[in-house]
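Chemist: In case you want the letters, here they are:
2 protein chains.
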Amino acid sequence: MKDSHILVVGAGLCGSLLALRLAQHGYQVSLFEKRKDLRKADISAGRSINLAFSDRGLKGIKRVGLEKKVEELCIPMHGRMLHDKKGTTKLSPYSGRQNEYINSISRSGLNALLLYEIEKHENVRIQFEASCQHVDIENNSAVFVNDTTKEQITINADYVIGTDGAGSVVRQAMMKIRALRFSFSQNFLTHGYKELSILPDENGTHQMEKGALHIWPRGENMLIALPNLDGSFTVTLFLAYEGGTYNFNNLTNPAIVEEYFKSDYKDAYALMPHLKDEFFENPTASLGTIRCTPWTHKNTLLMGDAAHAIVPFYGQGMNASFEDVAVFDDILSEEEFDLDKTLKRFSKERKLDADGIADLALDNFHEMKAHTAQDLFLKKRKLELELEEHFPKDYLSKYSLVTFNEDIGYHEAKVKGRAQDKVILNLFQEGKLTDEQTLEEKLQIIDKYTGLYLDKDILIL
Amino acid sequence: MKDSHILVVGAGLCGSLLALRLAQHGYQVSLFEKRKDLRKADISAGRSINLAFSDRGLKGIKRVGLEKKVEELCIPMHGRMLHDKKGTTKLSPYSGRQNEYINSISRSGLNALLLYEIEKHENVRIQFEASCQHVDIENNSAVFVNDTTKEQITINADYVIGTDGAGSVVRQAMMKIRALRFSFSQNFLTHGYKELSILPDENGTHQMEKGALHIWPRGENMLIALPNLDGSFTVTLFLAYEGGTYNFNNLTNPAIVEEYFKSDYKDAYALMPHLKDEFFENPTASLGTIRCTPWTHKNTLLMGDAAHAIVPFYGQGMNASFEDVAVFDDILSEEEFDLDKTLKRFSKERKLDADGIADLALDNFHEMKAHTAQDLFLKKRKLELELEEHFPKDYLSKYSLVTFNEDIGYHEAKVKGRAQDKVILNLFQEGKLTDEQTLEEKLQIIDKYTGLYLDKDILIL
Chain R
1 MKDSHILVVG AGLCGSLLAL RLAQHGYQVS LFEKRKDLRK ADISAGRSIN LAFSDRGLKG
61 IKRVGLEKKV EELCIPMHGR MLHDKKGTTK LSPYSGRQNE YINSISRSGL NALLLYEIEK
121 HENVRIQFEA SCQHVDIENN SAVFVNDTTK EQITINADYV IGTDGAGSVV RQAMMKIRAL
181 RFSFSQNFLT HGYKELSILP DENGTHQMEK GALHIWPRGE NMLIALPNLD GSFTVTLFLA
241 YEGGTYNFNN LTNPAIVEEY FKSDYKDAYA LMPHLKDEFF ENPTASLGTI RCTPWTHKNT
301 LLMGDAAHAI VPFYGQGMNA SFEDVAVFDD ILSEEEFDLD KTLKRFSKER KLDADGIADL
361 ALDNFHEMKA HTAQDLFLKK RKLELELEEH FPKDYLSKYS LVTFNEDIGY HEAKVKGRAQ
421 DKVILNLFQE GKLTDEQTLE EKLQIIDKYT GLYLDKDILI L
Chain G
1 MKDSHILVVG AGLCGSLLAL RLAQHGYQVS LFEKRKDLRK ADISAGRSIN LAFSDRGLKG
61 IKRVGLEKKV EELCIPMHGR MLHDKKGTTK LSPYSGRQNE YINSISRSGL NALLLYEIEK
121 HENVRIQFEA SCQHVDIENN SAVFVNDTTK EQITINADYV IGTDGAGSVV RQAMMKIRAL
181 RFSFSQNFLT HGYKELSILP DENGTHQMEK GALHIWPRGE NMLIALPNLD GSFTVTLFLA
241 YEGGTYNFNN LTNPAIVEEY FKSDYKDAYA LMPHLKDEFF ENPTASLGTI RCTPWTHKNT
301 LLMGDAAHAI VPFYGQGMNA SFEDVAVFDD ILSEEEFDLD KTLKRFSKER KLDADGIADL
361 ALDNFHEMKA HTAQDLFLKK RKLELELEEH FPKDYLSKYS LVTFNEDIGY HEAKVKGRAQ
421 DKVILNLFQE GKLTDEQTLE EKLQIIDKYT GLYLDKDILI L
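The listed protein sequences derive, respectively, from chains R and G.
Heads up: the first sequence runs through residues 1 to 461, numbered per the numbering used here.
Heads up: the second sequence runs through residues 1 to 461, numbered per the numbering used here.
What the hints contain is simulated information worked out from the structure, not anything from laboratory work.
Since the structure is predicted, the reported quantities are computational estimates derived from the model, not experimental observations.
It is possible that some hints are incorrect.
Stated by the list, open to error - Computed cross-link-like contacts, DSSO-like style, restricted to lysine-lysine with a CA-CA straight-line distance of at most 27 angstroms:
| id | chain 1 | residue 1 | chain 2 | residue 2 |
| --- | --- | --- | --- | --- |
| 1 | R | K341 | R | K59 |
| 2 | R | K194 | G | K176 |
| 3 | R | K150 | G | K40 |
| 4 | G | K176 | R | K36 |
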């Protein structure tokens, strides 16, 4: 069965990791990608987009043995550096445990590493500039076209795996099969985002603390920044399209953009001399969640963003896709490389966790832009960090459950984490957590009520 | 402004009622429909599909002054007639108030009535067999083709309203506009449905009680029947596609169909001599919910199923669409016939209620097939009927809120009704409703806890 020919549509992060793992198993793999080879395209012309890389992503990377090489691309971020309107900063650690942190990593650097590794395998064919036009799901074949030369090629495979992202062409082909009763949703936020930058200083070093993810939470909107290896930061503005004093629809000239940044992000503005150019050169992108089911039909499967695109607020998009590959790989081994069974089981068993992280990422949209700056939230985080520090094995915050505990599924992390958050906030509000209690007593109270909350969905009687 | 030309795409129930109301206001209306004129097509060849018509639908019908004529098409149904496996029946009334009942009505009869009324207006052009191919939302125009003659026609209007159902072509055109960030979902149930029939007896009269909606609840699956004016019943089987002993995927020959009906729907089976033919002649249809937002862009609007298709378990699909027309008409008057403002306000203000009834219809899927037969549910319904009978102004069950209280929006009905249901079931389970209490005391307890439940989403501390 390992002589099957598998067509992987899309050589982004998910498709590349998957193709590499399949190649390691000995399958014949065709990896087709719409864009140019990002290793050859003029990198300086594109923007270096970075991502948060954490334990679930690492689980996928370990599967292909690249953890050492990936580590070289990582910049550890130990917490959120909160910037208030005056420019005062405060670090809010991600965990009370020393070894729990996330990493800033370059998307193109990571993708390039995977592509180089894939090329070491003779059983993989990589084809760039091959835009998927049509997938024939009945016959496991797909038609690609080179947008420049207009050359067309049809690939006949035994299996087709669509890792072609949020706008997946493979998914669109599945949606057209009436008998499949394909459930699908795309939901956009009221906010969009725009990438900007803070360049290195004259010595080529970072102009802000590089060991943190910087956030300027402003209630409805926010700015964030992640460090790059070259000393720069990639800055992202998350802003509503309409409403409020400033929004994407009314930031129409350099003077207003300047006014907004001076008013709301003063300290960042001081480090962004190119702001006014970048703001109008760089696109405004939308923020959407895509869910669908089933992910498989006949010999075709969707994976990664093609199956479950999420908003970026938990830093889990790429991590979830890499975990997809690990989950797929586990099932493949369990099923002794029976791909038919693996496709079906993956589609069924992974769905709940994909929905879980989609929900969590939406939760965090509100948490990051507003709650991170609120007293009650800060009080809760302070207590959680103390609990994690003193009872490292007994207390796991929602953030830790999601980010650092890859053996717990996203769904379980969501259910437990949401309950715990709700209970702690309620206990504070009702004055049931007091200074007289020891830390251990507080932990017991939180555990007790979280358990009660999870047992019943209401407890009013 | 009343000289605007409005193109209504789709002459089903919603489009026909809307076109009639717009014509009454004096607008120039083009009403285009893909199918043949249902008044001329061979009705006996098609199936007579009936619907539940209730107060919200009546609100729309009153708007155009047709309530008397519609009443002639109605067969009142005062409750659910529950059939157990032995064929024993029990009536579960819809309300403890005498004047609250729903009606069985023929879809084609009602649609024909609306079309005849529309034709009395010179300012309306109706065109059948005109299938919408493309909508140009920037220019308020649409291209139609006659599937037989292949003749093409382009209509240029001032406004386009898509009432073209769950598979709306107008909605698909909106979905393609990237800048609109059109949120959309289609979700299918695990169950499908098939229409069957019980014919009149030799005297042309109904073979079962005609004043009720008949239900054979069987846990995962169910059969229902609604009376027709000609003495027949339209029977609908709601059945899972897979799983359980019998499902749509394994009912593949007459013998198994017979076995299933004999086993689960014995008394109905005795009245269905044509079952085995009908089962294989009639299609199996899927059950889906469609939600989207926004419903408007430029001068185009979606309405009815095109904007919010729901599952049929609350009998509210057509009622919701007719209520759309009434809500639209209210806003139109308030805005003094400014269509630009009306489109925007309707899209914004009606959405929450459309989501409300979509959720309620899904709730009722579970209630009808399973809960209606359970003791706790029957105990709850018994208490609710007593409360409605003795305190007609003070107690409204969820069913009454949704079905008979058109002045309360679906969303409000959902929130209040769900809370009340949850509270009553909990009170029974915890033994807080006892035989020693007077009915008035029971009402007070229910009101108190429903209020508490609505005030906070948890009350555990």
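Chemist: It remains to establish, for every hint, whether it holds in the given structure.
Modeler: Hints, verified against the model:
{"no.": "1", "hint": "R:K341 <-> R:K59", "result": "holds, 23 angstroms"}
{"no.": "2", "hint": "R:K194 <-> G:K176", "result": "holds, 22 angstroms"}
{"no.": "3", "hint": "R:K150 <-> G:K40", "result": "violated, 50 angstroms"}
{"no.": "4", "hint": "G:K176 <-> R:K36", "result": "holds, 26 angstroms"}
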